[in-house]
Amino acid sequence: MTTPAQTESTEAKAPTSVVLTDVAAQKVKALIEQEGRDDLRLRVAVQPGGCSGLRYQLFFDERSLDGDVVTDYDGVEVVVDRMSAPYLTGATIDFADRIDAQGFTIDNPNAGNSCACGDSFS
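For the sequence shown, position 16 matches number 16 in the working numbering, and the numbering has no gaps at all.
Since the hints were derived computationally from the structure, they do not count as laboratory data. Take every hint as true, because none was put in to throw you off.
Estimated spans, in silico, between C-beta atoms of each pair:
{"no.": "1", "residue 1": "74", "residue 2": "97", "range": "16 to 22 Å"}
{"no.": "2", "residue 1": "112", "residue 2": "36", "range": "37 to 43 Å"}
{"no.": "3", "residue 1": "62", "residue 2": "109", "range": "25 to 31 Å"}
{"no.": "4", "residue 1": "36", "residue 2": "83", "range": "28 to 34 Å"}
{"no.": "5", "residue 1": "101", "residue 2": "35", "range": "21 to 27 Å"}
{"no.": "6", "residue 1": "67", "residue 2": "39", "range": "18 to 24 Å"}
{"no.": "7", "residue 1": "102", "residue 2": "33", "range": "15 to 21 Å"}
{"no.": "8", "residue 1": "101", "residue 2": "38", "range": "28 to 34 Å"}
{"no.": "9", "residue 1": "67", "residue 2": "101", "range": "30 to 36 Å"}
{"no.": "10", "residue 1": "62", "residue 2": "112", "range": "32 to 38 Å"}
{"no.": "11", "residue 1": "39", "residue 2": "109", "range": "30 to 36 Å"}
Cβ atoms here follow ideal geometry from the backbone N, Cα and C, with glycine treated the same way.
Whole structure, please, built from the sequences with the hints as guidance.
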């Protein structure tokens, strides 16, 4: 796995953040290149919703918010807002491209329960 270079904006002091696998970092980099922009970063957030109470959100974002935790994985910046950080500490984001699974996956040690679709947790 790529070793992260963690930088923190403004006042964020989270000890660790999410882990992005090499495969996921390559996929994010390719998707950003397809967008044709160099100001985008992968934002990972947790929002209320889903069958289990909390839902993951992954999207490209150019914004910098107060308290964001930013981790660089070989040129791919992963951003977590300060409210989501406690739910995502130690979570691993991977990318699967197999016959039985395709897309980004999140292995979160903080999730007590998750639904069958894998989109939400509690």
